[in-house]
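Q: If you want the building blocks of each chain, they are given just below.
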Amino acid sequence: MEDVSLGNYIKVHRARKNLTQEELAGLVGVTRPTINFIENGRFVPSTLLALKIARIFEVPFEEVFFLEGM
Amino acid sequence: MSQIERMNRFRKNLLKGILWGFGIWTAAQMIWTGVAFNGIISQTSYVFEIISRFIQFAVYASILVTIFFSLKYWRYKWSLRKDPQIRLALDDERLRLSWFKAYRFAFFIVVSMYIFLFLNDWIPAIVFHKQGISIPQDTQTQLTLLVAVLSCVGAFLHYSREE
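First to last, the protein sequences are chains A and F. Note that this note's numbering has the first sequence beginning at 1, numbered continuously upward. Note that this note's numbering has the second sequence beginning at 71, numbered continuously upward.
Worth flagging that the hints you see were computed from the coordinates, not collected in a lab. Please note: incorrect hints may appear among the correct ones.
Stated by the list, open to error - A few chain F residues that face chain A, going by a derived Cβ cut-off under 10 Å, partial list only:
{"#": "1", "residue": "Asn78"}
{"#": "2", "residue": "Ala159"}
{"#": "3", "residue": "Leu160"}
{"#": "4", "residue": "Glu163"}
{"#": "5", "residue": "Leu167"}
{"#": "6", "residue": "Asp208"}
{"#": "7", "residue": "Thr211"}
{"#": "8", "residue": "His228"}
{"#": "9", "residue": "Ser230"}
{"#": "10", "residue": "Arg231"}
Unchecked claim - Listed next, with one range per pair, are the computed distances between beta-carbon atoms:
{"#": "11", "chain 1": "A", "residue 1": "Glu22", "chain 2": "F", "residue 2": "Val197", "range": "33 to 43 Å"}
{"#": "12", "chain 1": "F", "residue 1": "Lys142", "chain 2": "A", "residue 2": "Tyr9", "range": "49 to 59 Å"}
{"#": "13", "chain 1": "A", "residue 1": "Arg55", "chain 2": "F", "residue 2": "Arg231", "range": "45 to 55 Å"}
{"#": "14", "chain 1": "F", "residue 1": "Arg79", "chain 2": "A", "residue 2": "Leu6", "range": "19 to 29 Å"}
{"#": "15", "chain 1": "A", "residue 1": "Glu62", "chain 2": "F", "residue 2": "Gln155", "range": "22 to 32 Å"}
{"#": "16", "chain 1": "F", "residue 1": "Ala218", "chain 2": "A", "residue 2": "Leu27", "range": "32 to 42 Å"}
{"#": "17", "chain 1": "A", "residue 1": "Leu6", "chain 2": "F", "residue 2": "Ile133", "range": "44 to 54 Å"}
{"#": "18", "chain 1": "A", "residue 1": "Tyr9", "chain 2": "F", "residue 2": "Phe80", "range": "30 to 40 Å"}
{"#": "19", "chain 1": "A", "residue 1": "Leu51", "chain 2": "F", "residue 2": "Trp148", "range": "52 to 62 Å"}
Where is the CB? At the ideal position from N, CA and C, for every residue including glycine.
Next up, chain A with everything else stripped away, as it sits in the complex:
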């Protein structure tokens, strides 16, 4: 199987919504470093957290997260 990872456009959507990492973290109920880890691809969030993030940005899940390396 190919080596795939979860990519994301959180940074882009954050900029669009004018949100800081800390504000986004507060809105989805996690710590700021967790958002930083997800943004940099160092941590793969659970489905629940990924959906919460997409909901904050008011876009479908696939517009925030995508499969890298496929």
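Based on the hints, put chain F in the right spot on chain A.
A: For chain F alone, coordinates are given in the frame of chain A:
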């Protein structure tokens, strides 16, 4: 700075305090017990007396540091009971994963340490026909505690460190 962020930093600093306090306390006590037990410095000498006092002071100081940070950590945990939302945020899935990885790391380190202690007992006796490094039973218990706490807390701080 939000309350979650403030509490997160506070916890990190507390864990660092516990790491250093406990590390210095146990390491100093253990090394000195080892020195005395193996007769590296004569127990009747003046040097032994001076170093003993210095080690005693270091141990008491680090015990106080450990107690201080442990109490603060306990107070911090207690304060979180009032606010379940912040408590949940401070125990998010990444941090739970970091703790899990830290426990796993500490487990393997403790097992490796016991393998080393076992080999230290047997290899010198079988191969060189002499005794290995002499470690008193009390010190072995302290060593286990030291290695377990330091590797667990240290690994957690490492895994949750930002680049």
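Q: Hints first: check each against the structure and report whether it holds.
A: Structure-based check of each hint:
Annotation: interface hint on Asn78(F) holds; nearest CB of chain A at approximately 5 Å, less than 10 Å. Using the Cβ-Cβ criterion of 10 Å, the hint placing Ala159(F) at the interface with chain A is satisfied: the shortest such distance is roughly 5 Å. Among the interface hints, the one on Leu160(F) holds; its C-beta lies about 6 Å from the nearest C-beta in chain A, closer than the 10 Å criterion. Look at Glu163(F): its Cβ gets to within about 5 Å of chain A, closer than 10 Å, so that hint holds up.
Hint on Leu167(F) holds. Least Cβ distance to chain A is approximately 8 Å, under the 10 Å limit. At a threshold of 10 Å, the smallest CB-CB gap from Asp208(F) to chain A is about 40 Å, leaving the interface hint violated. With its C-beta approaching chain A no nearer than about 35 Å, Thr211(F) sits outside the 10 Å limit, and its interface hint is violated. Interface restraint check for His228(F): the shortest CB-CB distance to chain A comes to about 13 Å, outside 10 Å, so the restraint is violated.
Nearest Cβ of chain A to the Cβ of Ser230(F): about 7 Å, under the 10 Å cut. The hint holds. Against a cut-off of 10 Å between C-beta atoms, the interface hint on Arg231(F) holds, since the closest Cβ of chain A lies about 9 Å away. For the pair Glu22(A) and Val197(F), the beta carbons lie near 59 Å from each other, so the given range of 33 to 43 Å is not met. As the Cβ distance of Lys142(F) to Tyr9(A) is approximately 40 Å, the hint placing it in 49 to 59 Å is violated.
Taking 45 to 55 Å as the suggested C-beta distance range, the pair Arg55(A) and Arg231(F) does not conform, at roughly 29 Å. Range check, Arg79(F) to Leu6(A): Cβ separation about 27 Å, and the 19 to 29 Å hint holds. Checked against the hint of 22 to 32 Å, the pair Glu62(A) and Gln155(F) passes, with Cβ atoms roughly 29 Å apart. A hinted range of 32 to 42 Å for the beta carbons of Ala218(F) and Leu27(A) is consistent with their spacing of about 37 Å.
A C-beta distance of roughly 46 Å is found between Leu6(A) and Ile133(F), which places it inside the suggested range of 44 to 54 Å. In this structure the supplied range 30 to 40 Å holds for Tyr9(A) paired with Phe80(F), their Cβ-Cβ distance being about 32 Å. Look at Leu51(A) against Trp148(F): about 33 Å separates their beta carbons, and that is not inside 52 to 62 Å.
Of the numbered hints stated above, those contradicted by the structure are hints 6, 7, 8, 11, 12, 13, 19, listed in ascending order.
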